[in-house]
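Residue numbers (the numbering used here), protein chains in the order written: chain A, 1 to 339; chain B, 1 to 339; chain C, 1 to 339; chain D, 1 to 339.
Please note that the accuracy of each hint is not assured.
Any copy, or any two copies together, can satisfy a pair, since identical chains are not distinguished.
What the hints assert, rightly or not - Keeping only pairs whose Cα atoms sit at most 20 Å apart, straight-line, the calculated EDC-like set for lysine to aspartate or glutamate is: (1) K70 - E35; (2) K196 - E19; (3) K70 - E231; (4) K70 - E306; (5) K94 - E13; (6) K70 - D80; (7) K146 - D75; (8) K22 - E306.
Think of the hints as simulated: they come from the structure by calculation, not from any bench.
There are 4 protein chains.
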Amino acid sequence: MIIVMNAHATPGEIDAVTERIKSLGFQAHLSKGSERTVIGVIGDERPVGAEVFEAFPGVERVVRILHPAKLASRDFHPADRVIELPNGARLGGKDVLVMAGPCAVESREQLERAAEVVARNGVRVLRGGAFKPRTSPYSFQGLGEKGLLLLREIADEHGMAVITEVITPEDVPLVAKHAQILQVGARNMANYSLLKAVGSSGRPVLLKRGLGATLDELLQAAEYILAQGNEDVALCERGIRTFERSTRFTLDINAVPVLKNLTSLPVVVDPSHATGKAELVAPIARAGVAAGADGLLIEVHPHPQEALSDGAQSLDPDAFGTMMGEIRRLAEALGRHAA
Amino acid sequence: MIIVMNAHATPGEIDAVTERIKSLGFQAHLSKGSERTVIGVIGDERPVGAEVFEAFPGVERVVRILHPAKLASRDFHPADRVIELPNGARLGGKDVLVMAGPCAVESREQLERAAEVVARNGVRVLRGGAFKPRTSPYSFQGLGEKGLLLLREIADEHGMAVITEVITPEDVPLVAKHAQILQVGARNMANYSLLKAVGSSGRPVLLKRGLGATLDELLQAAEYILAQGNEDVALCERGIRTFERSTRFTLDINAVPVLKNLTSLPVVVDPSHATGKAELVAPIARAGVAAGADGLLIEVHPHPQEALSDGAQSLDPDAFGTMMGEIRRLAEALGRHAA
Amino acid sequence: MIIVMNAHATPGEIDAVTERIKSLGFQAHLSKGSERTVIGVIGDERPVGAEVFEAFPGVERVVRILHPAKLASRDFHPADRVIELPNGARLGGKDVLVMAGPCAVESREQLERAAEVVARNGVRVLRGGAFKPRTSPYSFQGLGEKGLLLLREIADEHGMAVITEVITPEDVPLVAKHAQILQVGARNMANYSLLKAVGSSGRPVLLKRGLGATLDELLQAAEYILAQGNEDVALCERGIRTFERSTRFTLDINAVPVLKNLTSLPVVVDPSHATGKAELVAPIARAGVAAGADGLLIEVHPHPQEALSDGAQSLDPDAFGTMMGEIRRLAEALGRHAA
Amino acid sequence: MIIVMNAHATPGEIDAVTERIKSLGFQAHLSKGSERTVIGVIGDERPVGAEVFEAFPGVERVVRILHPAKLASRDFHPADRVIELPNGARLGGKDVLVMAGPCAVESREQLERAAEVVARNGVRVLRGGAFKPRTSPYSFQGLGEKGLLLLREIADEHGMAVITEVITPEDVPLVAKHAQILQVGARNMANYSLLKAVGSSGRPVLLKRGLGATLDELLQAAEYILAQGNEDVALCERGIRTFERSTRFTLDINAVPVLKNLTSLPVVVDPSHATGKAELVAPIARAGVAAGADGLLIEVHPHPQEALSDGAQSLDPDAFGTMMGEIRRLAEALGRHAA
């Protein structure tokens, strides 16, 4: 940590900061520049917040040197991590894993049809929402446990794994019983009770970036899960809030290579939520793979016009098939394999 | 709801949309413009998402006419709402209510000293965190129930009410037992399980805007609480995420008059979190009151340099006293009364 | 244009709006919904601002139906436009055109070396800044006309076209004399005097999106150029301002397919400025091509550590060669050809 | 400047950076922490960009210590600066200066009426646009020189000074002839040719923050003007681009006290552009004054419904009078005087 004193800091103020550094068990390292004194904090700064020093008179600002998410960092775990699923599908490494299915499980018939479409295109992980966090209390909130049972049954018919969202700590055991991957949604990225619960669930977790969260915060959210001993965490970029109004969110494509540099956890892109429009899903899915993503999360509906949620951003069977062909060719051109 | 068809929409596509409108129990109202056909949906559109129509071929975009948060809207409840606390303090109406105290309850001594400072300045609601949602899993996470008991005991000594954050649905009964106002933090604005739980708690709720949430979404989150029959909801602007890097967040001061127009729920400003710096708290608190806020949430610490969290943005006793004087004079200049 | 009246609008207020609509030569089309009256404005609304009606009492909001940038729209010019350069290179259509070279022309030796590197990799358009808009008045501001002459001479040796930035209307004739493509930088996207000047320059123009500009505004800026009779306009996404701090800007990858839908003008991606870091340039360049971009703008420097500007985001010769190989394979996988 | 090396930086990489520091005339100061080496650059770093070092292998990031805008900084000029106008009005110091008038000069009659309204309310500086930068090329672009002459003539009748926008360097002499304050609009904040031109105009300048510009960049833009020897520069916060869609821009109220800390230049708030809606102008104007602004820029139109631009955000005469009363009472409550 580097503490920059302001231009008028007195020797007494500098001493007070130095004392505080020592009292926390660190060494202080003074450097007097032409117009500012800078104090280095020597030691593992991670457990200490910048705010500890920002409150001192004479301090202009505090700069962290070490990333606070240690377990999530590539420094700590240099080799790419790979999440292996029971059916042999892998998230991370050479593969590009496509997880696809409807936004919400609506009925047996709808899910059967969607599963059949994605399985036919080589998909090995079925997505579908049973517990749905909805912006309005008056919207369809999902089928709950009944939806979970449908997911499990129909995925099994195709040898697929299941990924589905869990929205509250109490539901974790139930969801973990039926799904291979627990999804933590963007709205819950900083729901720390939930992060702890999925951290001790024994299941791989797909953690979505909050729509107002920095990449640093995403890594710290992952750290909550990793700190429970669960190493199977994948990170998902699904679009952030910006001023641009022609799409629902702005997919932060830079996030893909930035995360791949900072961490060895697999990185997934969700073009459906990031754009909100079916016609944009394939181009953004291709961009995600080209940027180095290890997986994609895609909404597919047999009849988007009849969907109870997210119809506008769901691919129909034909569009999904076309996209899968493109993704395969792109992955090959980059020496990877998509399925 | 208004459905704008694209320039090349066919009569068949227009018919399909019209049929869907009728099948949902609405009337359709066609209007052929110079280059686009526009279809009006006549009826109470609130239960229906725009996405229902966006998925149809030939649809360019869908514009909502009615705000989806009905109970929260000023159309539904025109008169300003006032939350009355057992000790006689009021949030809403002519008063400007200051709620102040430490970020986190750290110890009996710290809380006693802070409570004494704020009470001496006329404050009638003591704030303090017992359950703390922290970005890093390695930061101080609060004293939990022990903190709640301290809050209750020390607030009682001064005849103050207590406001404190609740972060998970299971904790609601415990927190509701000790606090007069339950705070839902920015990270949990879209934690719908929690919103439902505080909605049925029987306690007033202060709902903070998510740092990436629009005002529309804030109102819809309030709607989750109101829909449980709890009408005592106040909204809190605490800064949003923007590109500006000199402050931790950007306080959206426009939000104050915009919310006062859209809803009759009381509006509170939190200048401590919005700025992250003690020296900016008083100017932004003044701005909030001048813009029409009904309350302020202020972090005060007897010794900010020793705080376990948020020291940099906590006012010390002298700065708090000065700010209170300014707030009182400003409120009077606008025909209100601050305490 | 659709005018939504508020819930309490009086018949007199509705009449006043209707009268104004008629006085502007349009027809008014009333639609009374369950809680709001909506007035449609029938006619070509483009020359009229929404603000004309927003100022009327009783008006809640105004929704535009037609995009204000007519000449730039795909409705007006459905077929993809292709910009043909004198040396046979083409921007738009089946080709993916890479424009590469140093951020700033610093010396003959630097430019010769950079030109040799990019030409060897098949690049047909040399980029390089002669007039540099710099955030600080104390930074290197470019070689001016001397830089232009170097660009021209060295590009000619390799049969390359030149693209370079013009920053003020007076310089347009000089820059147009030496360059085949005039670049309008992000800071000048809304410098309308400059847009008019390049519009009448007789040269193709690469228009960069302002870092705080919406895609609608980018199209309206292009409209200023098109309205001067210059149809050779390409649009460039180069990153926008968001809250994310790990990269200098956030490349809005959604912008690529959104623009391709809205307009037939070619779309270019600039991964160098969008990321600010050399190690991120290749992944983002790949993403741009995968999303459908028609061109790339890439900073290359023979010795990035010695660059007078933008060294951190400049590729060295090896990294550039590797990137070009990847781009070619990706373009082929999508049925295009990159050079 | 502080250079943070990454965890795997080699001694050779550290040496290369150290050599470069020395070759630029600085001293290097090494500090080996537990996991990173940090190199301090001792000397006046302002003329050197962070990018000079970011391009070196082994460098993780570079942190500036000194603000690059020296002349604009409060370190350099501690005392509040006051701009004195020929008619005795003052921007800065104890006064709160209101500058008001129509968005655009439309006709003699309109301007006479507007001037009469603002003068009657004690306003001493008349605003009005003669050269208008408009998003669409098809919108009203202002009366040009004719508008300037009207402004001058009508302001003189009331003893008012004139503030008006200049949009291109060639127009500076003409505008400087007729106006006491030259306004540089948000779109032109980074139009450096224009900044240099107003810097040598001999007139005070009101510099508006770009809608995507950080406060650091605003200060560096001011530095361009100050570096020409013009010390009469005021900074204007007029709203930035954020994800919030209920207002046209988000007024960054934090900017007021942040700027007052960083610089001694006067700070002005423009609530008309920041909100885009007349009903929000007064609350935001009050907030600006309460936060410490030295001036306000307000759009007033005798008949907003007939305005050729910005009618929706223009106050009518009654609303303006009410606002002026509130502003005066607020200023007094804070020990200042508004007019």
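Evaluation of the provided hints:
1. K70 - E35: between (34 Å within a copy, 12 Å between copies)
2. K196 - E19: neither (36 Å within a copy, 48 Å between copies)
3. K70 - E231: Cα proximity of K70 and E231: one copy only (13 Å, versus 44 Å across).
4. K70 - E306: neither (46 Å within a copy, 25 Å between copies)
5. K94 - E13: Result: close neither inside a copy nor across copies, 54 Å intra and 32 Å inter.
6. K70 - D80: within (15 Å within a copy, 46 Å between copies)
7. K146 - D75: Cα proximity of K146 and D75: none, with 43 Å in one copy and 38 Å across.
8. K22 - E306: between (65 Å within a copy, 14 Å between copies)
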